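K.L.:
Chains A and B supply the protein sequences, listed in that same order. Residue numbering for the first sequence follows this note's numbering, beginning at 4 and increasing consecutively. Residue numbering for the second sequence follows this note's numbering, beginning at 4 and increasing consecutively.
It is worth saying that the hints were derived from the structure and are not from the lab. Since the structure is predicted, the reported quantities are computational estimates derived from the model, not experimental observations. We treat Cβ as the ideally placed atom computed from N, Cα and C, and that holds for glycine.
Per the computed footprint, the stretches of chain A lying under chain B, defined by three or more beta-carbons under 8 Å from a beta-carbon of chain B, are:
no., stretch
1, 226–237
2, 261–272
3, 278–284
Number of protein chains: 2
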Amino acid sequence: MYPFTALANPNIAFIKYWGNRNDALRLPANGSISMNLDGLETRTTVHFDAFLPADDVKINGKIARGAAHARVSKMLDEVRALAGIHHFAWVESENNFPIGTGIASSASAFAALALAATKAAGLDPSPCGDDATSSYHPGALPGHRPGVLPGGHRLDLAALSRLARRGSGSACRSIPGGFVEWAAGTGDADSYAVSIAPPEHWDLADCIAVISTDHKPTGSTEGHAMAGTSPLQSARVDDAPRRLDICRHAILNRDFAAFAEIVEADSNLMHAVMMTSRPPLFYWQPATLAVMQAVRAARAKGLLVCYTIDAGPNVHVICTGAAAEETAKLVGSLPGVREVRLAKVGGPARLVKNPSTNPHEI
Amino acid sequence: MYPFTALANPNIAFIKYWGNRNDALRLPANGSISMNLDGLETRTTVHFDAFLPADDVKINGKIARGAAHARVSKMLDEVRALAGIHHFAWVESENNFPIGTGIASSASAFAALALAATKAAGLDPSPCGDDATSSYHPGALPGHRPGVLPGGHRLDLAALSRLARRGSGSACRSIPGGFVEWAAGTGDADSYAVSIAPPEHWDLADCIAVISTDHKPTGSTEGHAMAGTSPLQSARVDDAPRRLDICRHAILNRDFAAFAEIVEADSNLMHAVMMTSRPPLFYWQPATLAVMQAVRAARAKGLLVCYTIDAGPNVHVICTGAAAEETAKLVGSLPGVREVRLAKVGGPARLVKNPSTNPHEI
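All chains, please: the whole structure from these sequences, using the hints.
P.N.:
If you want it as structure tokens, here you go:
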């Protein structure tokens, strides 16, 4: 058994995931649409080792303990059960973006872990061949190109996305590449993400306004569990199919005006639910509101920009590639914006060379 | 026919009115609860005059024209129809608080106009007696003490509140005194406000944080008409009876903790609907959010304060009388707060002496 290293990008949701039908399986209350963020990445290496007395997990150079360790081991348990192995694993994970800037790292982390762990467990019968990664190319759809050759332990993209989902819901969207839709599904078997368009389909960028904050916001897992306490959540969920249709069509037609309206509306709807939960969750800071205002004003003047905000104070300002430079300048000039990070549309989770001595690595 | 002058306070809603079942009659989507704001007032004098060629309306020293004039004349038409008279009227209205500080003036304006105009039109058979005003004392309930003596044109408090409502919905709540509830009702006949407790029932204060803004927010009339475009409005409305019950009991029991939680929740719900309308309505400024945060933090430390926000950037910080001084100091120290105004619980709309020569005035 050899170590394998996988890379995954975080993703930013245009139609948001908030609230579960089933918290344990992370079956979402509604479907969601996102794009992967190129350049921001988690790299995770997994090596199952017969001599380890327990899973040994290192995240960004620090030994993981407690809840963080347990969450990784839970996914490794699933992989061990699928592969029929009993070895503990050595796991090392590194982000190239700082945790605590409010860019969600659990999506890329659990996507990279799911891919590296399944490969390292031998679930793919062709772990050293090109075929193992070709199905993770941009635009690949689960079912269209299974991730493994026939005859071995099959683990296609859908199964990988489902595995990632059980680790952290939005991680399922970091498995396929480009623009991605996660169907709510009817149960564990059909709740996974597929690519609806490859990265090159539409030249968009995410200009992330990192907002200064002293607050430690409520974590997503806890927040999802509170969604149902808002009297508005079921109305938001009931309306989701309409928003998904509009957003999907806007992406496929590269219709920025329609895209901007539905993306901002969906973000506003999620925060409406958050701030009417019990207790209320306020993720916006004064500077968050200032960036939102500036973005609406700039769009009214013709700049192709819109905003979307996750469970934190940062504003993801989505713009066309042509507007990225002007957008970054505008956003960076606003008071309360600590730094600006620019990301283009990212590819799928994929295997990468690792610095170990694995002779079979790609 | 003599001139009469009436005084009315604006009110601040704890359970908010947003959206109508019937825009023309201003029948609200849901019931609401408010308190009148003592010290802030509109004084309006009405004089029906056989020699006037048209209604002559002056508001804060300026001749009213266009929509403002038409809205006043519409109420005068109702009063003329009720009284069976055809004279035009001279109307002069003055606020003691500046319009444009975002303290709603239409509630006190239409409450004062309704009372002055009905008196001036002779709808009360005892316009010069004390009985004419005694029923507007704190805690008076419609039906319990009709506003007029029997035998003439009856116009009780309920009818006066309904008349004010048709001028500006929330004006119906500025007719009775103290803590007031406006029942949504089933139609024009039973949609009016009653006092649920007199001003002296509970020593509360409204510490109004006036926020600097360059924006002219969307007016309430236009905003109400947009409420139904939010996918969240019907859920907010469906949940209103629960909130009304909690708020009413909290007021009657002087339970500040329960009061604070439901008042903030209701404000958040209204703004959730506003910001998810199409197009979205954002009334909050960055400083609005900063005041909200400071209020929650102060309450967590034991200060008896909570916030509520109307269709504008100002924050109404509701506190106990004992906490008013500390609250005003705290709020006034926050960046972006231009000034602080303090109001205690106000009484009902009432007739006052006017500077004219009316020999029958009270």
